[in-house]
Every structure is written in C-alpha cells, then in structure tokens.
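Asks: These protein sequence lines are chains B and W, in that order. Taking the numbering used here, the leading residue of the first sequence gets 116, the next gets one more, and so forth. Taking the numbering used here, the leading residue of the second sequence gets -12, the next gets one more, and so forth.
FYI, nobody ran anything at the bench for these hints, they're computed from the structure. Don't take every hint at face value.
Claimed, not checked - Covered, in the sense of this in silico footprint (three residues per stretch, anywhere, with C-beta under 8 Å from a C-beta of chain W), are these stretches of chain B: (1) 118 to 130; (2) 165 to 177; (3) 339 to 353; (4) 359 to 368; (5) 372 to 379.
Just so we're clear, the structure is a prediction, and the values are computed from it rather than from any experiment. Note that beta-carbon positions come from the ideal geometry of N, C-alpha and C, so glycine has one too.
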Amino acid sequence: MFFPIAGVTVNPLYLIVIGFVVGILGGFFGVGGGFLAGPLMYLSGVPMNFVIGTDLAHMTGKSIVAARRHRTLGHVDVKLGIAMVLPTIAGVEAGARIIEALETTGSLDVVISVVYTVILLAISTFTAWESLRALRMQLTDSLAANDVAGFQALTHRVYGVRMPPMVSFPASGIGSISLWAVLGVGFITGLLAGALGVGGGFIRMPLLVYVLGVPTHIAVGTDLFSIIFSAGFGTLTHTVKGNVDILMALTMHTGAALGAQIGAVSTRYFAGPRIRLLFSSLPFIGALLMMIRLLGGLPVH
Amino acid sequence: MRRDHWKALLRRAAVELVIYGGLLVIYFFLVLRVLGEPLTRLFHERPWLYALVGLGLIIAQGVVLEQITSFLVEQLQLERLE
C-alpha cells in the first residue's frame, strides 16, 4: 500500500504486526516500544524522520487503549500520572535544548549512543538482580504478597525527605511523600527521553517502583497514562514539523490496540517481581539494537 | 501462572483476534481510502490543522477500538474469564 504523506510503499500487514508486537509489550510493561518499532519501521523503508514522528503518534493511541484497560483493572493512579505530566514535558524540552547546545561538538551521536547503551544496560542489570532477589525472598520467607521489592533502600530515603509540600497518592499506597520527589521523577524521565530521543517508558517504570515505591502493576498502568500526554505532546510538535504520516500511524495502531489490550490483561496473571524480571530483558534488547546501530547496522537518531 | 489461566488468556486472545480481523478489513476499505486524499492535502497545505486532525484521529481511534472490543468481549461473556 502506498502511503502518500511519507511517499513510501509499505505492506500494511507488516505495520499492523509491528504495532501488535509493540502493543503487547506496551500493555504488559508500560513502555512505548519505540526502541523496537523504530528500527523495524526503518528496515521497511520508512524515512527516518517519519519513523520517529509516526512511532510517537501510534504510541499515543496505543497508550490510550492500554491505559483504559489498566484503569478498569485498577492499575492506574490518575493523580500521580497527572502530577508527572508537566515535569516530564519540561524535562523533554530541557533534554532537547541540552542536545542542541552539545551539537556543536560534532561527535554528539556517538556520545549519546554510548550513554544510552550504558543507561539501558544499568537498568536491565539492576532490575534483573532486584526481581530475582524479590522472587527468592518470596520463596524463602513464604510471602503471600503479590508484589515484593528486593531493594527498598532508595524508596526509604525518598520517603525520609520531608520537604513540603507533602502529598499522598492513596491509589499507589503512598501515604505521604514530598511533591518534589514526584516532580523529580517526571523531570528526570523527560530529560533522558528528550536527550536520548526515546519515549521514556522504560526509564519511568523502574523509577516509579524503586524511587517512589509504587507497586509494579500500578507503575505499569500509570506509566502508560503518562505516556498518553508525553507522546501526545511529541506527536503534535513532530506533526507540525512534517514528521508524521498519520495514515501509517492509524494502520499501526489497529494492531497495537489489540496487542495493548492483550498485554494489559496479561499482567493480571503475573506477580510484580515476575513482571520486573521479564521487563529487564527490554532495556537489554534496546542496548543491543543501539550497539548494532553504533557498528553501522542502523542509523543513530 | 496456572494452566486454566493460560487457557482463558489464549481463548480471549483468539476471540479478540477474530473480532479485530473483521474490523480491520472494514476499516481499510472504508476509513483509510476515504481519509487518504484529504489528509495528504492538509499535510501539504495546513500543517497545524493536519497536526490537530491527526492527533484527534489517533485519540478517537484509540477510544473507539477499545470500546468496540470491550463491548464485543462483554457480549460474548468473555469478561468472566479474566
């Protein structure tokens, strides 16, 4: 099928399958899936600028479907999600400006790629270590809880900061926490997303769990809820710049909508540590793809 | 995860796939063909309007597709499998 806006012919079934696969990942792990959809779209011949913008557009629609489904399952903390919207957008803008300022150095792409790879590998290693530890604790201590954290030192420290205003998020089981901690998580997610050119889902989800102490299922749902706004904002700015083929995004979204529902419902059958253990493979795959790009297999964006 | 949970999950996935397959065929023939030309014109002539319409379409599609499948799943009494 010819997509006149991007000026490229792509098999719509291929786009639907990409959407379906990243939809399942998104619904289950609370990530946008750009790290996988991007390279796959590029390999099908879609120009790089359209890959980034169109991926963001389909991510917006997919997150709506997945977040709505998670909400019916009681997995979305709307108050927490809304609290993170503005700092995330501010972070994205700050990240983009840092990149603009650094662009004069020349070797920016390589530096960003190396930093990105290191961050992804760190998230992957830490999440795998922590979730395995939590699963062992569940086994040895015979804990019946659906969500056990194997590392809570950071959460305890954050809860110890009593800088006003203090806020509560009952849906996440957070009695009292400094608003600055929540804003900080949103801003750091946005900063890294803006600087590294990614959606930020697999940065925010671990931060919600390990920094704010949000239960995994609610972290996934709330992350998706936040992605609606951050990806929606990105879609708007990229569309104005002429980087979005909305027909392609709508096609991908038909597959993604189904995948997102299946992924969201599937979280009901997994305990928190197991979701985190499976999640740890995603940043690893992302790092692997970035290393392939660095070696010249795919373009760095 | 228990075996009966797997069965329930796979059954739900299969039914949703069938529902979506039908919807996709209708969707391609009706919506994409109809929207193709006006959206391309908007993209070249009015980028801001194109951006707003595009975002609106994505949001509307997300809401509609979720509601249609939820309705069908409810009618087929598949919710109780969750």
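Asks: Would you mind marking each hint as holding or not holding in the structure?
Replies: Status of each hint after checking the structure:
| no. | hint | verdict |
| --- | --- | --- |
| 1 | 118 to 130 | holds (count 3) |
| 2 | 165 to 177 | holds (count 5) |
| 3 | 339 to 353 | holds (count 3) |
| 4 | 359 to 368 | holds (count 7) |
| 5 | 372 to 379 | holds (count 4) |
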